[in-house]
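Construct the entire structure; sequences and hints are all you get.
Order-wise, the sequence lines are chains A and B. Heads up, the first sequence is in the working numbering, so the first residue is 1 and it goes up one at a time. Heads up, the second sequence is in the working numbering, so the first residue is 1 and it goes up one at a time.
Don't take every hint at face value.
Residues of chain B placed beyond 10 Å of chain A at every Cβ, according to the derived structure [unchecked claim]:
1) E37
2) A238
3) G253
4) K260
Computed spacing ranges between beta-carbons, pair by pair [unchecked claim]:
5) E193(A) <-> T165(B): 50 to 60 Å
6) G253(B) <-> I470(A): 54 to 64 Å
7) E340(A) <-> R275(B): 40 to 50 Å
It should be emphasised that the hints constitute simulated quantities derived from the structure, not laboratory data. Think of the CB as a built atom: it goes at the ideal place given N, C-alpha and C, for glycine as much as any other residue.
As a plain string of letters, each chain reads:
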Amino acid sequence: MKGIVSYGSYLPFNRISRDTIFKAMGWLHQATYMKGEKCVANFDEDSVTMAVAAAMKCLEGYERNNVGGLYFATTTSPFKERGCADVIRTALDLTSHIKTADFSGSTSAGTSALIAALNGIDAASAESILLCVSDVRLGKPGSSQELSFSDGAASLLLGTEGVIATYEGSYSVSYDFPDHWRTENDKTDRAWEDRFGREEGYRKFIPEAMSGLLSQYNVSLQDIAKVIFPGMYPRDHAAICKRMGFDPSQVQDHLMTVMGNTGTCYPMALLVAALEDSKPGDRMIVAGFGNGSDALLFQVTDEIEKAQGQRKGTKRYLESKRELNSYEKYLAFRNLISPEGGIRAQAIPYTALSLVWRDRREILGLCGTRCKKCGTPQYPAQKVCVNPECGAIDEMEPYRFSDRKGTIFSFTGDLLAFTPQPPGIYAVVDFDGGGRFWFDVTDCDVESMEIGMHVEMSFRRRYVDERGGIVGYFWKAVPVR
Amino acid sequence: MAEGIKDKVAIIGMGCTKFGEHWDKGSEDLIVEAFTEAIEDVGIEKKDIQAGWYGSCYDELNVGKSALPLSRTLKLPFIPVTRVENLCASGSEALRGAVYGVASGAYDIALALGAEKLKDTGYGGLSEVSTILGTKNRVIFPAISAPGAFAMMANRYFSKYGMSTEEGKRVLAKISVNSHKNGAKNPKAHLQRVITEEDVLNAPIIASPLGLFDCCGVSDGAAAAIVCRADMAKDFRADPVLVKALQIGISSGEELGFTKWDGTSVETTTRTAVRAYEEAGIRNPREEVSMMELHDCFSITELVTYEDLQISPRGKARNDIEDGFFALEGKIPSQPDGGLKCFGHPIGASGLRMLYEMYKQLQGKAGERQIQDPRIGLTHNLGGFPQMNVVSTVIVGS
Chain A
1 MKGIVSYGSY
11 LPFNRISRDT
21 IFKAMGWLHQ
31 ATYMKGEKCV
41 ANFDEDSVTM
51 AVAAAMKCLE
61 GYERNNVGGL
71 YFATTTSPFK
81 ERGCADVIRT
91 ALDLTSHIKT
101 ADFSGSTSAG
111 TSALIAALNG
121 IDAASAESIL
131 LCVSDVRLGK
141 PGSSQELSFS
151 DGAASLLLGT
161 EGVIATYEGS
171 YSVSYDFPDH
181 WRTENDKTDR
191 AWEDRFGREE
201 GYRKFIPEAM
211 SGLLSQYNVS
221 LQDIAKVIFP
231 GMYPRDHAAI
241 CKRMGFDPSQ
251 VQDHLMTVMG
261 NTGTCYPMAL
271 LVAALEDSKP
281 GDRMIVAGFG
291 NGSDALLFQV
301 TDEIEKAQGQ
311 RKGTKRYLES
321 KRELNSYEKY
331 LAFRNLISPE
341 GGIRAQAIPY
351 TALSLVWRDR
361 REILGLCGTR
371 CKKCGTPQYP
381 AQKVCVNPEC
391 GAIDEMEPYR
401 FSDRKGTIFS
411 FTGDLLAFTP
421 QPPGIYAVVD
431 FDGGGRFWFD
441 VTDCDVESME
451 IGMHVEMSFR
461 RRYVDERGGI
471 VGYFWKAVPV
481 R
Chain B
1 MAEGIKDKVA
11 IIGMGCTKFG
21 EHWDKGSEDL
31 IVEAFTEAIE
41 DVGIEKKDIQ
51 AGWYGSCYDE
61 LNVGKSALPL
71 SRTLKLPFIP
81 VTRVENLCAS
91 GSEALRGAVY
101 GVASGAYDIA
111 LALGAEKLKD
121 TGYGGLSEVS
131 TILGTKNRVI
141 FPAISAPGAF
151 AMMANRYFSK
161 YGMSTEEGKR
171 VLAKISVNSH
181 KNGAKNPKAH
191 LQRVITEEDV
201 LNAPIIASPL
211 GLFDCCGVSD
221 GAAAAIVCRA
231 DMAKDFRADP
241 VLVKALQIGI
251 SSGEELGFTK
261 WDGTSVETTT
271 RTAVRAYEEA
281 GIRNPREEVS
291 MMELHDCFSI
301 TELVTYEDLQ
311 ISPRGKARND
321 IEDGFFALEG
331 KIPSQPDGGL
341 KCFGHPIGAS
351 GLRMLYEMYK
361 QLQGKAGERQ
371 IQDPRIGLTH
381 NLGGFPQMNV
391 VSTVIVGS
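What follows is the structure, encoded as structure tokens:
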């Protein structure tokens, strides 16, 4: 028996009301109006950082050394060439001796990676594979995509032990469908007529995959507790369900109004939301959309109840949010405008990549050391124990801080140092269990901060060196969401 | 027990430029100006100087690495010259080199000169601080600035002693008002304007809770000292100033790496002060120190330093500030020249600029700012952050 062992979601803290976008750009194409809000990755987030965030939630309580593979899917990789799965693996402090792969190309990449992971697991082994799907979907200003596209990530741990939803099979249809595309140099999607995408693609491929799945595995509509698929065209979503004969009670809310089209992540974020509400025995179909459709069949097990009590999923992140309230800020975060940062912003020192490699576990993995003599955790990694009563030399063992919470020892909101979102907040953090260091604080307003406040660690783009094309990934503190 | 430096070395000549935004002057101009004043003050010639120490911090700004900028600028005749860099203590570190060189007997007369040209960065404040601590910290440090690091101490201090932000800021405001009152009387200061508490409180925030007037200026400047063996000093002048103590202390890293430090004091200043007082033979600093030039990079730094130097009891500096204890006419005048607050902080020069004021005060040449009958002067530099730093404490007397 193999299937889903654990789940996690991540939606960025920032939301932008579609009214805010429409007020700024709606004059161009009035028919694009869409209600609700969408998730907006902060200036220091990208597909990789959000994937790490979702995976952190997914892995809570699991021994990371047991993870035997990591698949990452996105259509918005921060790099044309650099293995994002390897960045994520290092950030999660998983062992190097596992298989990793990046899936990309279409918004079906998430379901493709899911099928590949599930098919790749030997049912007789104890192996598990971590799947991360993440997207920062970017629509051109004034386009309907700009209103619809959203940012988010989800993560599933797939394996054979403690399965919460068994995998029963999948069915795929594949088409070179020209509803939208990006060339090598495009920053935002190009699209053919919206109507074409809906009528000729969305309304056809998803039913085709789902019907194929039902007939291949001999499952009737009535046996399905939840049917889960993206709702980028809400009216067509309802029409598909009706035409296929699903009762509305069988249909997972598409969350288009409150979350938006998170691309690769979309079906996975919905699957997590469905798992959060599911009961043992529920059978579920999850389908994606993008150059065809993949449909997968799962059945929820008794183990689900444990997970529901512990895990942070889509529902939690939908509740935890802050209104961005500024279209211009949104454009600046996504580099669609480049505001003047001042000369200070240009004074970026070089990054020694050989150092980043050498100290990758420390930098990307936030692993410090713990003194074997006195037990003091310390960051960054030390050779000589920082405890003045101890001072032992070379008695250290690795110690991971990324999954530990901490409290704010002191903080400030800085308007001098350059940051894309002033004030730059940073703080000295005392970790639960010992250890102290200072970190940028993000997803937070300085007015809401106080000494003693609880924080957790979040993997972020600490800085970007445009000249060198270098993204300086590191960890920041965030209020516990 | 080592016997220390007390009374072994005398300061016989000093020079200090006007500090400010010298758009029309480079490091060479400033170095020559400070040096010329110093040798004229003592009445010697360049050839009498046997060794030099040069303090500068940001070598990438205008000055350059090594001791060549000093030697080439002054055309020092192939004598030993060493560049020292220890963050904001660089000027005091240059003095330490010269003083120890003379005390060892290796030289009779030595020069200490500090200079910094900060206003070629193109922006306010010091340049990117993470770079000065190495390539790794550049990657893992937050986007920190000096005011922000000290602002964290202010928040911590207010919280520990139960002050609201408004209350705390009002206490800090009095510190800046005092410095400006003195700086207004100093033609060499960068900022020579009297300010009010309201000016301080209404100023824009730089790093919460610190506002613009809680922060020292940023400027260009140079200062120089010529030292000789104490037994030779009277050959040069009737009023030499004697070095009583010269202490440097550096963080072990435990403030930011271990969870014991409480963030409302500077451990390095605290420990360095103990050693300095012992070296100078001072038992009760509150009674024996006549005047101080403290490293008031930020108002909170000056407040905490009062306590770290054992002038005010822990948590009680507020009372002394409110009582006018540190005013020019108070018990221990602090920042009689206007401090970093009014001079700005061309890093390599600051320590020697502070010493320049103590020197002139002890000689009775401080003009309008003259303190009555001072005996012991103390200078203090704090480089880095409250969380990891370099501290110098110099005590001089007549």
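Evaluated hints:
1. With a closest Cβ-Cβ approach of about 33 Å to chain A, E37(B) is found to remain outside the 10 Å limit, as its non-interface label requires.
2. With a least beta-carbon separation of about 47 Å from chain A, A238(B) lies farther than 10 Å from that chain, consistent with its non-interface assignment.
3. For G253(B), the shortest C-beta to C-beta distance to chain A comes to about 6 Å, within the 10 Å cut-off, and the non-interface label is violated.
4. K260(B), annotated as away from the interface, has a beta carbon of chain A within 10 Å; the closest lies near 8 Å.
5. A C-beta distance of roughly 57 Å is found between E193(A) and T165(B), which places it inside the suggested range of 50 to 60 Å.
6. For the hinted restraint 54 to 64 Å between G253(B) and I470(A), the CB-CB distance of approximately 27 Å leaves it violated.
7. Between E340(A) and R275(B) the beta carbons are some 48 Å apart, a value that agrees with the proposed interval 40 to 50 Å.
Taken one by one, the earlier hints fail for this structure at numbers 3, 4 and 6, listed in ascending order.
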